[in-house]
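Build out the structure end to end from the sequences listed, making use of the hints.
Residue numbers (this note's numbering), protein chains in the order written: chain U, 1 to 101; chain C, 1 to 659; chain R, 1 to 535.
It is worth saying that the hints were derived from the structure and are not from the lab. Any given hint might turn out to be false.
[Claimed, not checked] Calculated lysine-lysine pairs in the BS3-like style (CA-CA distance at most 27 Å, straight line): (1) R:Lys376 / C:Lys25; (2) C:Lys163 / C:Lys597; (3) R:Lys445 / C:Lys597.
[Said to hold, decoys possible] Output of the computed footprint for chain R on chain C, the stretches with three or more beta carbons under 8 Å from beta carbons of chain R: (4) 137-147; (5) 154-168; (6) 182-194; (7) 612-623.
C-beta: ideal position from N, C-alpha, C; glycine also.
Chain by chain, the residues run as shown.
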Amino acid sequence: MIVSVYHYMVLSAILFSLGTIGVLTRRNAIVVFMCIELMLNAVNLTFIALSSYLGNMDGQIFVFFIMTVAAAEAAVGLALMITFYRNRESIDVEDFSLLKL
Amino acid sequence: MYDNLWLIPFFPLLGFLINGLLGRKIKNEKVVGAIATLAVFASFVVSCMCFVRLLGDEVKTHENIIGSWISLGSLQVDWGFLLDPLSALMILNVTGLSTLIHLYSIGYMHGEDGYPRFFAYMNLFTFAMLMLVLGNNALVMFVGWEGVGLCSYLLIGYYYEKKSASDAGKKAFVVNRVGDFGFLLGLFLLFWSFGQNGVWTINFTEIAANAGALENGGIIVTLITLCFFLGATGKSAQIPLYTWLPDAMEGPTPVSALIHAATMVTAGVYMIARMNGLFAMSPDTMMVIAIVGAATAIFAATIGFAQNDIKRVLAYSTVSQLGFMFLAMGIGAFTAGIFHLLTHAFFKACLFLGSGSVIHGLHHAYHHAHLNHDPQDMRNMGGMRKKMPITFITFFLSTLAICGLPFFSAFFSKDEILWWAFASTRGHWLLWLVGTIAAGMTAFYMFRLVFMTFFGAQKTDPRAKDHIPESPFVMTFPLMVLAALATFGGLIGIPHVIGDLVGHIPNYLQQFLAPVFEHTQTFHGIEAHGAASAEFGTIGVSVGVGLVGIGLAWLFYCKYPEIPARFCARFTRLHRAVFNKWYVDELYDALIVNPTKRLGTGLWQIFDVCIVDGIVNGVARCIRGTGGLLRHTQTGFTHSYAMSMVVGVVVIIAICVFQ
Amino acid sequence: MSEHILSLMTFFPLLGMLIILMLPGGKGGLLKCTTLVITLITFVISLPLALDPVFKTSGAMHYTEFAPWISVGDYFQMNYSVGIDGISLWLVLLTTFIMPITVLSTWQAVDKNVKGFMALMLLLETAMLGAFISLDLFLFYIFWELMLIPMYFMIGIWGGANRIYAAVKFFIYTAVGSLLMLVAIIYLYYYAVNTGGVVNGFSVTDFYNLNLHPELQKWLFLAFAFSFAIKVPMFPVHTWLPDAHTEAPTAGSVILAAVMLKMGTYGYLRFAMPLFPDALQQFLPWLAALSVIGIVYGALVAMMQKDVKKLVAYSSVSHLGFVMLGLFALNNIGVSGAILQMVNHGISTGALFLIVGFIYERRHTRLISEFGGLSKQMPVFAVIFMIVTLSSIGLPALNGFVGEFMILLGAFESELRWFAVVATTGVVLSAVYMLWMYQRVMFGKLDNPKNQNLKDLSVREICIMLPLLVFIFWIGVYPNTFLEKMEPAVNQALSQISGEARAQTYIPVCTDAEQQGKCPHTYGVDAQGDADLHL
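Structural data, given as structure tokens:
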């Protein structure tokens, strides 16, 4: 079986959906965070696959950008979470509800 | 000399600045009084020099421009002064009387709180009054016009801790402002209507020169003059704006003498005389002026019958006499009007200062006896002639003058007005009749005053009556000078019929003022013509009426003093109406003052607070309400936000795919 | 140096603000002194403008500076373009003159967060000066909005009891108006670009020469006029003023009255009226009617106020009504009178607010009924208060009279004759409310025990009032100093408004929108044919 671009697409769609479901359903902030990373990587996979399929390097450059941003985001996000844990002793997203009524 | 005209108002201004800025530092009353009096006296000297110079001069109109005031396009106004026979007479009158009254005040105001303040205001007043009479254009005149109003406000409210005094001051200013409203409108109309003819000016000499550009007797000139006349009714206390003058008696008596008798209140008459060319062009306005003048003369006299406050009687008498002057202006007897203005200034200043002398004496006596009586109430006087002989004699002479007894000053001036009312081309026998009756009434209430104050039994509280002193020399000296002027002052204007009788004595005043008025009178054909016998007839009638008034007063208040009480008991309502000044103040309160206050409150509480702010706050509340509703969609849970994002993305993709 | 005098003057206070921010916050005295010195230097910088005789002869813009600022290709261009003529000259000087006085007035009044207050004052000065000298509509708009922010905080932080309400009301009122103006400005710009006219940024002098269709002018004029009317404030959008004035600290009230209200009247004269002359003619009777209603209404309502500051605020509504009437007279007497009256109002009403501040500092109340008989206790204060009162009433030979007289005369000479007659009643009413207030505060017996120990004015307070008094007499006795320099500029503005100065020929056809289609001529620049631009 030849692994075609089609398979990459399906895989990344599955990964993206898994990530989305994770973000929406899980309560632990760290898990939610990991799910976001999963979604990003699913997108990265699409970029790489299509880049190689179309022979265009733009997609690969975007991937570098996304990885950089994701790293920065991870740093900021983890810092936020640590601060939050210090204040609330919890990283449950249900407790992140200071903006409500 | 004419280039130094500015010195005349300058000296009082200087006096005002010295006393106003340093007065409280100068502890010595005498120094303060001397500075103020000398300042006015200096300008009296300069005025005399100008007057003498003008007498011998061929050219009778001189202008002295100090500099530009407002200069913009067509509007060119200078700080300028005008000396002609009319203003020369006025500056002599103002500075002369002002000097005497300043002198008198040194004695009268002795020991008062705020002594320097009083003299500073008096000097400021003299300055403003001189600006008024000397101004060469209507706007400089207006500076003086409002300036005297301000000083009147300040001096009426001199005893500012007394509510009635500060109320009276405010009333005077506001009522005068109503008049000024007319003055300003007249000025705008004048400037505009002259501008239509290419002459943008408010300069008096140019107005006189270009008056012909307006339509003679037309609506424009009538409107202009009526507006100016409204200004005059405010300043000169004529119907309908006279109500402030009686209240103005709250001020110290020298103020009443200087401002509310001799000078300021005659400003309206002066203004009409100054613009005689314009006023004569509108017979309608002239008729209105004559009627208002005659009506005021008789109306104020009726109120004078029933007042018990010595100064109020004099105040109503002033209103009434001013009515005579306006009557004169209205019938084109400009010279007679100015003549009466001068003689009135003499005798009325003397009367006021005399009453001040009585009040001063009584105040002193009450103070000595620790009593708290009203020193102005005539019912507590009587028999004062023995206590204050000089005051009595001068007061009596001035009363004879105001009653127009032969050869006293008002005899000449009032009779000339009445003769003109009878015989002038713009006169009417009804005006003459009203004037003559008012003259008789004047004699009655003035002698009522004299009898109640100086004759009969002494009704002063026995504890006080032995402590009434005659006033000091600084106060009696001005009285004597003024009484002499009131007695002999009329001789400057002896009418031709009498002059011819005793051997060709010319009417000096008429000759002197001829350059100002003669052109207008000949141009409009205003003259008094009639047989000498008719003139003697009117003179005889008015003297007779005056004697009847005196006789009645003698009957009522000397011979049978119980008559007035019986009369009052018989006609209670009439008496109460007259005593309460025909309820005119109450009427004005009900018709104008209170509705205006209610309107102000209503606009504020209803329009501002309810309607405009109601709309503004209502919009704000609507927005807040909408926000409050939408707020419920914000649960605060990250999950639900993420969920809505996902749903949104799915919907958008679905739309794109299945379109 | 002298060609950059305007920028130097405008941005010097901003520089000063940075200095203030670097100083330690705890030292109130140091901060106040520094601010005073900065405002004084700004005043000194602006003085050569007043002495320059060029304004006597030329009504054009002087001291102009130009620099491209933001440009997005050829399409969108904003410039830093400033300059003054005889109209803005006096307003600029009024601003630089009044600022040191207000700073002095805060000496004892402000003790909370002095650093912030002083920084905001300086920011405000820059914004106000910038607005008066801007010749680029976009630049003007930036300064216009910038003014709002410091004043909002000054009312909201240092104000009285009801300060939040007043601050928000002030902000929202002004912002609503200015957003409409922003839309109109942008529309004007695109119109100019699309019709192929000379577009040099948002230059207002170029916009003068646009020949706008009357129907279009109508809407744009309404947007501008509404925005400026709120600032003036004209009846009936004046209700923010009493609240803002009452709650603002003394310095805020003084600046608000003396300078910021002039922004509205200045906006009419500089922007709304010359940009849209046809629309102006159309709305003239209505605007004049609103001005006259404002005069009488403000006076009547002022009469019944119980709070001194509110009374003065309503008197401002009345006085600004006079200014607007003068502008609408559209002749040189009326307009010059209006400009002079802007300065007069700045001086007299500024002085009145300072006076209210003096007694408020002593008694911490502004209710008229709490006072009475102060003359006895405070003679110097009584004299100064009396002079300022008389100046506000418009006593001849004081400043208020010259302005009011010229306005009324100008209005009377124009088509607004009957409006002038009604407006003249304001002269009577102003005497009523001011003298009544003076009587209740100063006259009568000193019977309130809390007033027994009031101190008369201190030397500092007299120093605050003296310069104002000097100008009260100066303008009253010799207004020519001011008039001669504004006259050429006023004539220039009037010729702009009357259309004489416009480059293109005026084709007065098709004022009726319905006929537009049938009309052979298009309005103004023929080549445009942009139907969608015609509303």
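Going down the list of hints, with the structure as the test:
{"no.": "1", "hint": "R:Lys376 / C:Lys25", "in the structure": "holds (17 Å)"}
{"no.": "2", "hint": "C:Lys163 / C:Lys597", "in the structure": "holds (19 Å)"}
{"no.": "3", "hint": "R:Lys445 / C:Lys597", "in the structure": "holds (24 Å)"}
{"no.": "4", "hint": "137-147", "in the structure": "holds (count 6)"}
{"no.": "5", "hint": "154-168", "in the structure": "holds (count 6)"}
{"no.": "6", "hint": "182-194", "in the structure": "holds (count 7)"}
{"no.": "7", "hint": "612-623", "in the structure": "holds (count 4)"}
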